[in-house]
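Trainee: Residue-level listing of the chains:
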Amino acid sequence: MQITQIMQMTKSAKIGLLFALLAFTFLPVLAGGQWIKIFISTGCFILAASGVAFMYARLGMVSLGQVALMGIGGWVMLRMNHAFDLPFEINLAVAGAVTLVFGWLLAMPALKMRGLYLALITLMAAGGLEVIFSTYRFPNGGEGFWGVMPSVAAPFRRPLVATDDADYLRYIIFAIVVGFLIIELHMRAAPGRAWAMIRRSEAAAYASGVNVVYYKAWAFGLAGFLAGTSGGLLAGGLGLLDPATFRASESIMLFALMVVGGSRGWLGVVIAGVLYRVVPALFNDWTIDADIALVIFGAALLHAIITAPNGLSGQLIDLFGKVGKRT
Amino acid sequence: MISLDNLTVRFGGVTALDAISAHFTQSISGIIGPNGAGKTTTMNAISGFLDYDGAIAWNDEKIDALNPFKRTRWGLRRSFQKEQIADDLTVLDNLLAITDNLPLSRDEKRAEVEQAIESLAITRLVNRKADSLNAYEKRLTDLGRCIIGKPKIVMLDEPCGGLQQEETDHLGELILKIPTLTQATTLIIDHDVDLISRVCAETLVLDFGKRIAFGETAKVLADPKVKAAYLGVEEVEA
Ligand SMILES: Nc1ncnc2c1ncn2[C@@H]1O[C@H](COP(=O)(O)OP(=O)(O)OP(=O)(O)O)[C@@H](O)[C@H]1O
Ligand SMILES: [Mg+2]
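Sequences listed follow chains L and X, in order.
Residue 107 in our numbering sits at position 23 of the first sequence, with consecutive numbering throughout.
Residue 210 in our numbering sits at position 215 of the second sequence, with consecutive numbering throughout.
No lab work stands behind these hints: they were computed from the structure.
Hints should not be assumed to be uniformly reliable.
Coverage of chain L stretches by chain X, computed from C-beta distances (three or more under 8 Å per stretch; other residues unrestricted) [unchecked claim]: (1) 94 to 107; (2) 277 to 288.
In the PhoX-like style, the derived pairs of lysine-lysine whose C-alpha atoms are separated by at most 20 Å in a straight line are [what the hints assert, rightly or not]: (3) K196(L) x K222(X); (4) K65(X) x K124(X); (5) K95(L) x K124(X); (6) K124(X) x K145(X).
Over 10 Å on every C-beta distance to chain X, these chain L residues come out as not near it, computed from the model [to be verified]: (7) W119; (8) H166; (9) F168; (10) L170; (11) M208; (12) V215; (13) I216; (14) F229; (15) A274; (16) R331; (17) M337; (18) G398.
Source: prediction; values computed, not measured.
Here a beta-carbon is modelled for each residue, glycine too, at the ideal position from N, C-alpha and C.
Make a model of the complete structure from these sequences and hints.
Mentor: The structure is reproduced here in structure tokens:
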């Protein structure tokens, strides 16, 4: 019997890896100037969106604090970078771990709650973090614990293998693949099954012997870890961070775009990241008012909620499925 | 043996179960009663899903102190009136979802899963996603989840609800096999009196949260009070 299917590759995974490989090879070559920076930050938000997406698709939990948690990861990353002389990867691991713990803290009040209440708690936390970030700002090499100096910022050390923007974009694409694999491995093992039972109902979970609190906290921790590493990677991409990036409204936006893209697979999360970062940049390029993007996103969200439960990615996959059958 | 002693459950001001006592000594027993009688509430109390007064034990092992998921780990299995298998998992994963949480070695878990699949002859379903199963196949999967991992108590809440007669007959056969496959004491709720008389040696009858009869199934079904409860004309003869 096939209990050892854990390493089996699905068609979607193969296409995803191929897509990642193409992006890894060509994107840094083709994108020039400011676009490479935009793709770097798009990649960071894709990684962060994967955290909310799996919470939503697999546990049915709405978390509206993911971008705020990215801010924590980014803060820790900058703090580590300017305080110590450790390698990038160690700083990134610390950023991920600290944010994981924050994910757990966020989970504590949330564990007893469901649906709307859970969403509200995460949103309140995001609001609190917004205030903290705008009050204390992000470390840029200054003195003391908060490490902020008024004018210029001290340099940021990127990974040794990826000091220039092109290589750093490759580094991010690699990180996204690793992040997706971590989620996929969870899905195929005990946590994924426990989450599926929790999503079915708490009664179903209990009847399966699932410790609901433990596995919900695990999910929050994993989503926090993904947010933290993506925030750390964003810090590495830009060298400094702006509190405005991590406003509570940004967390809501990322969640909404994840719903638009579709929460059930890698494609939806990639679409969410592209809508979040690339579309506004394109509008900017074409000198279209950025608010128009908001209107379009709103319409897309309505479209997704009303007609496309699996998001744009679900519709694309259906479309390709139909075309594939016809030819 | 499952013993319920003075089991009482209140929802606000409503007493859903009123000091129910019953000692199920047979390997398969039934719980019947009209809609809203408190059958599901009894199973929910045994599962630890709600607060109750009184005591619940299996072969003199008290389980009252265990929370719901620990009761499952201890050996309680149940299915629900509306099946509660995870749609986005395969049948195999729905079975593994239980063994994942049991204190067994890898090999033991695998053996338990294989045995459940074999006993119910559901090998062809193993890799199907649960959302592609029909009602009967879902019930089979539910039953598989109930016999896995050396259960001590198995509870089936309307296992044949919504099934065709043939399917009910076949599921009844499988339920009758539970005592040979496991050491468990089994409780079944169903409205299908034929099924209950075929499968259950003993039966508890509830009405409005009260025990109105308990004992050998045939005798219980012949009891005028039980007939009255089902026809909704109690108090007439009282
Ligand atoms: N969580 C709850 N909160 C409040 N009242 C409840 C709750 N669960 C059940 N009840 C009430 O308790 C009574 C017994 O319900 P229960 O579900 O046990 O009935 P049942 O015998 O299983 O009926 P059916 O045959 O319809 O499934 C009903 O009056 C029901 O409305
Ligand atoms: Mg019921």
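Trainee: Hint by hint, note whether the structure agrees.
Mentor: Evaluation of the provided hints:
Given a C-beta distance limit of less than 8 Å, the hint that chain X covers the region 94 to 107 of chain L is violated, as 0 residues qualify and 3 are needed. Proximity of the region 277 to 288 of chain L to chain X, defined as three or more residues with a beta carbon under 8 Å from a beta carbon of that chain, is established by the 9 residues found. A threshold of 20 Å between alpha carbons decides the hint, and for K196(L) with K222(X) the separation of about 44 Å lies outside it, so the pair is violated. Proposed proximity of K65(X) and K124(X) is contradicted: the alpha carbons are some 27 Å apart, above 20 Å.
With a C-alpha separation of about 16 Å, the suggested pairing of K95(L) with K124(X) holds against the 20 Å cut-off. Between K124(X) and K145(X), the direct Cα distance comes to roughly 25 Å. Violation of the 20 Å bound is thereby established for this hinted pair. No Cβ of chain X approaches the Cβ of W119(L) within 10 Å, the least distance being about 37 Å, so the stated non-interface status holds. In this structure H166(L) is separated from chain X by more than 10 Å, as the shortest Cβ-Cβ distance comes to about 44 Å.
Its beta-carbon lying about 40 Å from the closest one in chain X, F168(L) satisfies the requirement of being farther than 10 Å from that chain. No beta-carbon of chain X is positioned within 10 Å of the beta-carbon of L170(L); the least distance is around 37 Å. Listed as outside the interface, M208(L) is consistent with that label: its C-beta sits roughly 29 Å from the nearest C-beta of chain X, beyond the 10 Å cut-off. Separation of V215(L) from chain X is adequate, the least Cβ-Cβ distance of about 38 Å exceeding the 10 Å criterion.
With a closest Cβ-Cβ approach of about 36 Å to chain X, I216(L) is found to remain outside the 10 Å limit, as its non-interface label requires. With a least CB separation of 42 Å from chain X, F229(L) remains clear of the 10 Å interface cut-off, as annotated. Not every CB of chain X lies more than 10 Å from the CB of A274(L), the least distance being 4 Å, so the non-interface label is violated. Interface exclusion of R331(L) from chain X stands, the closest Cβ pair being 33 Å apart, more than 10 Å.
With a least CB separation of 27 Å from chain X, M337(L) remains clear of the 10 Å interface cut-off, as annotated. Non-interface status of G398(L) relative to chain X is upheld: no Cβ of that chain comes within 10 Å, the nearest being about 14 Å off.
Checked against the numbered hints given earlier, the structure breaks hints 1, 3, 4, 6, 15 and satisfies all the rest.
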